[in-house]
Amino acid sequence: MERILEQAPRFFSGPNLQLLLEAAGLTLAMTLVGCMIGFGLAFVLVYLRQTPGLWALPLRWICILYVEVFRRIPFIVVIYLVLFFIQAVTPDASLFTIAVIAICLYAVAYTADIIRGGLESVPKTQVEAAQAMNLSRLQTNLRIVLPQAWPVIIPPAIAFAVSFIKDTALVSQVGVFELTFRGKELNNQGYSGILVFGTIAFCYFLLSFPLSMLGQYLEKRLATPRGERRSRKIRRA
Amino acid sequence: MPHLAVSDVRAKYGALEVLKGISFEIQKGEIAALVGPSGSGKSTVLRALMGLTPITGGAVEIAGEAMNYSSAREVRAARDRMAIVFQQYNLFQNMTVMQNLTLAPLKIKKWDKAEVTSEARRLLGLVGLSDKADAYSDQLSGGQQQRVALARALALKPQILLLDEVTSALDPELVNEVLDAIRKLADEGMTMVIVSHEMAFVREVADKVVFMDNGQIIEAGTPAAIFDEPKTDRARDFFSKILRH
Ligand SMILES: Nc1ncnc2c1ncn2[C@@H]1O[C@H](COP(=O)(O)OP(=O)(O)OP(=O)(O)O)[C@@H](O)[C@H]1O
Ligand SMILES: [Mg+2]
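Protein sequence lines, in the order shown, are assigned to chains A and B.
Take the first sequence: its position 41, counted from the start at 1, is 41 in this note's numbering, and no numbers get skipped.
When you read off a place in the second sequence, starting at 1, and then add 1000, the result is the number in this note's numbering.
So that you can see chain A by itself, here it is in the shape it has in the complex (with noise of 0.2 Å):
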C-alpha cells in the first residue's frame, strides 16, 4: 500500500497518462473498425447464406460453415493464425491491421446469427406483400425487412461490441501497443502491478461504460412504435 502511494505521482505523470491514452484509444479503435468492417460483413454473409434455390447450396454451406467454424475457434487461436497468415503473404503489414482483421474475422461469425434473427424477426407477411408487388430480394431486405429488423439488431449488437473491446486484451499477444500490453509493460518497470492493473481496468470500464448507455438508449428509442417516435420529433423541433 505504502508502494502504491509512494509510485502514485510518478505513474500518473505526463508521459504515462499518454502513453495509456493513446493505448486506450488503439484498443477502441481497432473493436470499433473491426466490428463495424465484421458486421457489415456479417449482412452479405446473412444475404448470402439466404440465397434461395438448389445452386446456391454450396454457398449456404460455406456461410454456415464459417459462422460455426469461427463461434468454436477461441479468439487468441485466430489471432495468431492471422497473424501467421499475413505475414506469409505480406511481411511488412502493420499489427494494427492483423488485429483489426483478426476481431473482424471474429465479429462477422458472432454477429451475422444476431443479424440473421433479427432479419428473421419481421413477419413472413411483410415479406410476402413486397413479393406480391415485384420487390426482389435485395429490395425487400433493403426497404421492408432490414429497417423493421434493426430494433432486434442494434442492442445486442453494440453489447457484442461492448464485452468485446476486453476480449481484445488478447491481441496484446503479438504485441500490439494497446491497453493490456502498456500494462505489462509498465508493471515490468517497477510500478505496482495492483496500482498499473487497476487502472488499465478503469480504463476498460471508461472505454466500455459510455457505449453501453448508448446501447440502451438506443434500445429504448428503438422500442419505441415509429408514429410517436416522429411526433416526439417534431414536438422537440
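No wet-lab data here; the hints were simulated from the structure.
We put the beta carbon where it would ideally sit given N, CA and C, even for glycine.
Keep in mind that a hint or two might mislead.
In silico lysine-lysine, BS3-like type, Cα no more than 27 Å apart, as pairs [to be verified]:
no. : chain 1 : residue 1 : chain 2 : residue 2
1   : A       : Lys220    : B       : Lys1110
2   : B       : Lys1110   : A       : Lys124
3   : B       : Lys1132   : B       : Lys1107
4   : B       : Lys1208   : A       : Lys124
5   : B       : Lys1020   : A       : Lys184
6   : B       : Lys1132   : B       : Lys1208
7   : A       : Lys124    : B       : Lys1132
8   : B       : Lys1028   : B       : Lys1110
9   : A       : Lys124    : B       : Lys1157
10  : B       : Lys1028   : A       : Lys124
Output of the computed footprint for chain B on chain A, the stretches with three or more beta carbons under 8 Å from beta carbons of chain B [as the list claims (entries may be wrong)]:
no. : region
11  : 119 to 131
12  : 137 to 144
Here are a few chain B residues that face chain A, going by a calculated C-beta distance under 8 Å [claimed, not checked]:
no. : residue
13  : Met1050
14  : Asp1080
15  : Met1199
Go by the hints and put chain B with the ligands onto chain A.
Leaving out everything else, chain B with the ligands in the frame of chain A:
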C-alpha cells in the same frame, strides 16, 4: 375471351394437396366471389395466382395471355398484372401511408413521380383517408389500415384485383367503410376475385359465386343460383348454416 381463366390449377403444401384442380373464369369488369368453409383453399387460390404458393399443375390466362409460373421472370409477369389485398393488411410497418402507396409504382413500375403522388392522393380520397397520408400504420385503426391496403393495391393499376377476406379482421362498425370502398370499385368496372364471408355483400356485388370445399370447386354460378337453389348437399348445408346467422 375471359379476362381471367383459371383451369385445373393445383397447389401443394408439402405433401398436402390443397388445390385439387380449380377452374373458373370471369369476364372483364366482373367480380367472382370465392366462398366456402375454413381451410377449403380460398386463400391458396389467390396466393397461387400471385405466385406466393407454387402452382403444381393447370393453367392461368389473363386477357388471353398464358401465365406460366415456372420461372422467376414469369412469376414477375403475373404479379405485374394483379394486385392482392391480404386479410391482415400487411402494410409496411416502417413506412407512412403515402410511402406504402408509392413504393412499387415508383421503384418497380418506374412511373413518373408527380403522377404517382397525385394518383396516390386520389386513391386515399377514394377510400376516405386523405388526411392520413403521413401516418404510420400503428397510428391507424384496423378499418383504416384495410382501406390503405386497398388503395395500395389500386395504386399498382392492376388488371385484376384479388381481395382476401378484407373485412373479417374488422369490427362490425368498420366493415361498411371497407365494403363501401369495394362497391365504388365495382361500379368503376374493376375485375376482382374476392374471398368473403359477408354473404349479403357477395350477393350484392358478385357476378359469379364459386363455392369451394376441401380444395375443390363444388358449385359455381350466379349468386341467386348458388344461394337460393344450391344443387349440392354440401353447398346447401354450408349456406343454410351461414345465412341463418
Ligand atoms: N403455410 C402453410 N403450410 C401448410 N399448410 C397450409 C399453409 N397454409 C395453408 N395450409 C393448408 O392449406 C389448406 C387451405 O388453406 P387456405 O388458407 O387456402 O384456406 P381458406 O379457405 O382460405 O381458409 P380460411 O377461410 O380459414 O381463411 C388448409 O388445409 C390449410 O391447413
Ligand atoms: Mg383464408
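Against the structure, the hints come out as follows:
| no. | hint | verdict |
| --- | --- | --- |
| 1 | A:Lys220 <-> B:Lys1110 | violated, 37 Å |
| 2 | B:Lys1110 <-> A:Lys124 | holds, 26 Å |
| 3 | B:Lys1132 <-> B:Lys1107 | holds, 22 Å |
| 4 | B:Lys1208 <-> A:Lys124 | violated, 32 Å |
| 5 | B:Lys1020 <-> A:Lys184 | violated, 75 Å |
| 6 | B:Lys1132 <-> B:Lys1208 | violated, 35 Å |
| 7 | A:Lys124 <-> B:Lys1132 | holds, 26 Å |
| 8 | B:Lys1028 <-> B:Lys1110 | holds, 26 Å |
| 9 | A:Lys124 <-> B:Lys1157 | holds, 25 Å |
| 10 | B:Lys1028 <-> A:Lys124 | violated, 32 Å |
| 11 | 119 to 131 | holds (count 6) |
| 12 | 137 to 144 | holds (count 3) |
| 13 | Met1050 | holds, 5 Å |
| 14 | Asp1080 | holds, 6 Å |
| 15 | Met1199 | violated, 27 Å |
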